[in-house]
Amino acid sequence: KAGVTQTPRYLIKTRGQQVTLSCSPISGHRSVSWYQQTPGQGLQFLFEYFSETQRNKGNFPGRFSGRQFSNSRSEMNVSTLELGDSALYLCASSLLGQGLGDTQYFGPGTRLTVL
Amino acid sequence: AQSVTQLDSHVSVSEGTPVLLRCNYSSSYSPSLFWYVQHPNKGLQLLLKYTSAATLVKGINGFEAEFKKSETSFHLTKPSAHMSDAAEYFCVVSDGGRPGANNLFFGTGTRLTVIP
Chain U
1 KAGVTQTPRY LIKTRGQQVT LSCSPISGHR SVSWYQQTPG QGLQFLFEYF
51 SETQRNKGNF PGRFSGRQFS NSRSEMNVST LELGDSALYL CASSLLGQGL
101 GDTQYFGPGT RLTVL
Chain E
1 AQSVTQLDSH VSVSEGTPVL LRCNYSSSYS PSLFWYVQHP NKGLQLLLKY
51 TSAATLVKGI NGFEAEFKKS ETSFHLTKPS AHMSDAAEYF CVVSDGGRPG
101 ANNLFFGTGT RLTVIP
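These protein sequences, in sequence, are chains U and E. Sequential numbering from 1 applies to the first sequence in our numbering. Sequential numbering from 1 applies to the second sequence in our numbering.
Simulated from the structure, these hints should not be mistaken for lab results. Only a predicted model underlies this, so the values are computations on that prediction, with no experimental measurement involved. It is possible that some hints are incorrect.
As the list claims (entries may be wrong) - Simulated DEER-style distance windows between Cβ atoms:
id	chain 1	residue 1	chain 2	residue 2	range
1	E	E64	U	Q17	42 to 50 Å
2	U	K13	E	L46	25 to 33 Å
3	E	T55	U	S27	28 to 36 Å
4	E	N41	U	T20	32 to 40 Å
5	E	A53	U	K13	41 to 49 Å
6	E	Q45	U	G84	21 to 29 Å
7	E	E66	U	L115	18 to 26 Å
8	U	R63	E	E64	18 to 26 Å
9	E	T55	U	R63	40 to 48 Å
Virtual Cβ for every residue (Gly too), placed ideally from N, Cα, C.
For reference, chain E alone in the conformation it holds in the complex (with noise of 0.2 Å):
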């Protein structure tokens, strides 16, 4: 069975220290894996996404996520926390297709808030 498992529902930085949010997957198949981050009332916006090339990954605003399959874990990361971070962080995987299942798996979400 899939599923994501965000190990922080809140991690709290100063600003300028590094971001470290964890989460670990299971999945039966190949997955893509995703960061997407939610600021308050709004929609979720993509950070980040891996799909079996390079397992470190790069994204907008600084951030980047390393694949391990032997840890089954998908790490997201920023060497310099800045105020605008500061929002819900959502881990998912994707299965690689299950016709009439569904076949996104979200993470519960993890709030970053930054200290000034």
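Extracted from the complex, chain U is given alone in its bound form (with noise of 0.2 Å):
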């Protein structure tokens, strides 16, 4: 089975710019998750999709927003871009999602810089 995917690979912005962020899962796949990593705060959860629905939602301002068609494959979009936009943002698939015991898959990650 080929794995998550997503695209671009890489992006780069100018502040106040929108980006969208693609992801396709895992076929079969149903749930999608997305997070930020940045050397500073780590990893963190923005928000999980299951069957097209938002599921779970991070802390994070609503300049962050996502979803999900009815292939499962998902679209995060960020809003007037700010400096602290830019980070690895990963999503992974599952089966059942997370928080279910059940195995997160992740992509290899869009690497987003904002200038």
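Put the two chains together into one complex; each comes in its own frame, and the hints tell you how they fit.
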């Protein structure tokens, strides 16, 4: 089976712009979770989608949003980018979802740099 | 409340010597526990997983971890370090599912350096 794929792998934007990141889960997986990873804050949970519905949400401002399509592919959007949004954004998929002892399979990440 | 503490932010070992990466957790539920490895600029790769079966869990690349409920620990070990083991390691606890909450908790990571 193909693993989790994320596009693009690298992205450079300027402050105030918006960005959309894409994640394709492993075939058959219905849960997609997004994480932000920075040297200072480590790995932080953004949100989880399951069957096109947001199931869990972390403590991020409303500028961060996401959605999931009927084929389980997911996108996350960050509007009005700030310098502090520079990070590695990781997507993970699982069959049942996080918190159920289910294994999360991670993609390679999208490295976002905000100038 | 659920939490994960990785006791060492950085561990250095010589190639061929044992590896010990320490992790303590707290959980109000019967937890599932994971160890992931992350190589530079890559995503996280699952090393092993504990879900209340055998307390000694064997993973990939010769790693294993032992769940000790009395000590609330889930330390990762490997008998002999290889240069390719140099990476960041994350201990993760899943609390069994509370709808509407963030149910995965990540440790802050341990950077493993392997000295030739």
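Now for the hints, and whether the structure bears them out:
no.	hint	in the structure
1	E64(E) - Q17(U): 42 to 50 Å	holds, 46 Å
2	K13(U) - L46(E): 25 to 33 Å	holds, 31 Å
3	T55(E) - S27(U): 28 to 36 Å	holds, 33 Å
4	N41(E) - T20(U): 32 to 40 Å	violated, 21 Å
5	A53(E) - K13(U): 41 to 49 Å	holds, 45 Å
6	Q45(E) - G84(U): 21 to 29 Å	holds, 27 Å
7	E66(E) - L115(U): 18 to 26 Å	violated, 46 Å
8	R63(U) - E64(E): 18 to 26 Å	violated, 42 Å
9	T55(E) - R63(U): 40 to 48 Å	holds, 44 Å
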